[in-house]
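Trainee: Residues per chain, in single letters:
2 protein chains.
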Amino acid sequence: MECGLSPIIGFRFSLYPMADNFVEVIKGALSETDTSNVWMHTDDVSTVIRGKQIHVFNVAKAIALSAAKTGKHLALSGTFSAGCPGDTTGDVYLDKSDEIANRDATKQYVSSQFALYPMNNPMYMDIIYKEVDRAKQQGVFNDSMHYASGIHGDIHEVFAFYEEAFSNARSDDHKHLVMTVSMSINSPSHGGR
Amino acid sequence: MECGLSPIIGFRFSLYPMADNFVEVIKGALSETDTSNVWMHTDDVSTVIRGKQIHVFNVAKAIALSAAKTGKHLALSGTFSAGCPGDTTGDVYLDKSDEIANRDATKQYVSSQFALYPMNNPMYMDIIYKEVDRAKQQGVFNDSMHYASGIHGDIHEVFAFYEEAFSNARSDDHKHLVMTVSMSINSPSHGGR
Numbered sequence: 231m232e233c234g235l236s237p238i239i240g241f242r243f244s245l246y247p248m249a250d251n252f253v254e255v256i257k258g259a260l261s262e263t264d265t266s267n268v269w270m271h272t273d274d275v276s277t278v279i280r281g282k283q284i285h286v287f288n289v290a291k292a293i294a295l296s297a298a299k300t301g302k303h304l305a306l307s308g309t310f311s312a313g314c315p316g317d318t319t320g321d322v323y324l325d326k327s328d329e330i331a332n333r334d335a336t337k338q339y340v341s342s343q344f345a346l347y348p349m350n351n352p353m354y355m356d357i358i359y360k361e362v363d364r365a366k367q368q369g370v371f372n373d374s375m376h377y378a379s380g381i382h383g384d385i386h387e388v389f390a391f392y393e394e395a396f397s398n399a400r401s402d403d404h405k406h407l408v409m410t411v412s413m414s415i416n417s418p419s420h421g422g423r
Numbered sequence: 231m232e233c234g235l236s237p238i239i240g241f242r243f244s245l246y247p248m249a250d251n252f253v254e255v256i257k258g259a260l261s262e263t264d265t266s267n268v269w270m271h272t273d274d275v276s277t278v279i280r281g282k283q284i285h286v287f288n289v290a291k292a293i294a295l296s297a298a299k300t301g302k303h304l305a306l307s308g309t310f311s312a313g314c315p316g317d318t319t320g321d322v323y324l325d326k327s328d329e330i331a332n333r334d335a336t337k338q339y340v341s342s343q344f345a346l347y348p349m350n351n352p353m354y355m356d357i358i359y360k361e362v363d364r365a366k367q368q369g370v371f372n373d374s375m376h377y378a379s380g381i382h383g384d385i386h387e388v389f390a391f392y393e394e395a396f397s398n399a400r401s402d403d404h405k406h407l408v409m410t411v412s413m414s415i416n417s418p419s420h421g422g423r
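Going down the list, the protein sequences come from chains S and F.
Numbering of the first sequence is given in the numbering used here, commencing with residue 231 and proceeding in unit increments.
Numbering of the second sequence is given in the numbering used here, commencing with residue 231 and proceeding in unit increments.
The hints are simulated quantities; they were obtained by calculation from the structure and are not laboratory data.
Errors might be hidden in some of the hints.
Just so you know, same-sequence chains aren't split out, so a pair can sit in one copy or run between any two.
Listed below are the simulated DMTMM-like cross-link pairs for lysine to aspartate or glutamate, each with C-alpha atoms no more than 20 Å apart in a straight line [what the hints assert, rightly or not]:
| hint | residue 1 | residue 2 |
| --- | --- | --- |
| 1 | Lys405 | Asp356 |
| 2 | Lys299 | Asp250 |
| 3 | Lys366 | Asp274 |
| 4 | Lys366 | Glu387 |
| 5 | Lys302 | Asp250 |
| 6 | Lys302 | Glu254 |
| 7 | Lys366 | Asp356 |
| 8 | Lys337 | Asp264 |
| 9 | Lys257 | Asp274 |
| 10 | Lys299 | Asp334 |
On a predicted model such as this, the values are computed, not experimentally measured, just so you know.
Let the sequences and hints guide you as you build the complete structure.
Mentor: So, in structure tokens, the structure goes:
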């Protein structure tokens, strides 16, 4: 095991369209997204993408945004991981440039919840509180709650916050970081936003 | 903050029916489940239940099993938490007896993935590997994968494995434990099981 030696970022997620034509929505979003900068594998429960951080977040956002355009209520739920000691060095696309492949800037309201889990780090609660404070400063904080924090706003601002949080919350001394994100789009519970 | 002093277990989850009548499926599952042994709150993204471990797992399983009976493809995705230093002591139902409220034993195939995150514990990878080995011994292990492990079988065996894993992976010295579970039911990808 090569503990955290590589800059591999992974996101294991599922896209859940609350619609009878869920297969069509999922396949449409995947086909409309340029995933060439990440390694990707889908099984019967979830999909995992791996590569440079910039591409993993770009592809995740593009899939959600593409699916959102169907107008269907959907959720994107998953876990971002970096530096896992049990991680393998294969299945990565680290030779890609830093130029992102998906540039759709369409606005889309999302309501989401996240939790940070900095592993094997005695100061982990401080790291979590710091990122929650930053969300409040950036205007994307929605609500406090048990086990998570609510983050909402335009999908581009929300993903920018998450990518920065994921960078801030890990360090050379504490490479193993996990962040869960659950995102709701086009929900009848969002009060018409 | 009273760090891990109480036996509060929480599960923040979402039920995702991949169906146009998702509201009906969710409300039906919640109304058919006896949730009187847990504190419960729903917001625009997820639902959280809190209480004694036995009741939290019992209610989570009952909601999934009830929704499964609609025959619709659905997912249950969420995070079990215990001993979080930032947790509050309110919103719990710890005065309940240990008698479970939901006893439906109907068989239901589920395919799921889980990850354990024992917080602030230098030996956390050993704990994770031990529970994955136990899944293999108990016949519920499905597959290895990046960032998670596949667990499948009858819903009752799968939930029994998860509840035991959640007990095994925390201790008096390391009270803060997080476990993510993503579960797929009635999926066209399950090959007719």
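Trainee: Each of the hints needs a verdict: does it hold here or not?
Mentor: Structure-based check of each hint:
In this homomeric assembly, lysine 405 and aspartate 356 come within 20 Å of each other (Cα to Cα) both inside a single copy, at 16 Å, and across copies, at 18 Å. In this homomeric assembly, lysine 299 and aspartate 250 come within 20 Å of each other (Cα to Cα) both inside a single copy, at 16 Å, and across copies, at 16 Å. Taking the closest pair of Cα atoms, lysine 366 and aspartate 274 come within 20 Å of each other only across two copies (19 Å); inside a single copy the shortest separation is 37 Å, beyond that limit. In this assembly of identical chains, lysine 366 and glutamate 387 lie within 20 Å of each other by CA distance solely inside one copy; the values are 13 Å within and 42 Å between copies.
Taking the shortest Cα distances, lysine 302 and aspartate 250 sit within 20 Å of each other both inside one copy (10 Å) and across copies (9 Å). Taking the shortest Cα distances, lysine 302 and glutamate 254 sit within 20 Å of each other both inside one copy (11 Å) and across copies (16 Å). Taking the closest pair of Cα atoms, lysine 366 and aspartate 356 come within 20 Å of each other only inside a single copy of the chain (16 Å); across copies the shortest separation is 37 Å, beyond that limit. Only within a single protomer do lysine 337 and aspartate 264 lie at most 20 Å apart by alpha-carbon distance; the minimum there is 19 Å, versus 41 Å between protomers.
In this homomeric assembly, lysine 257 and aspartate 274 come within 20 Å of each other (Cα to Cα) only inside a single copy, at 14 Å, whereas the closest approach across copies is 26 Å. When the C-alpha separation of lysine 299 and aspartate 334 is checked against a cutoff of 20 Å, the pair qualifies only within one copy, where the shortest distance is 11 Å, while the shortest distance between copies is 40 Å.
Violated hints are absent here; each numbered hint is respected by the structure.
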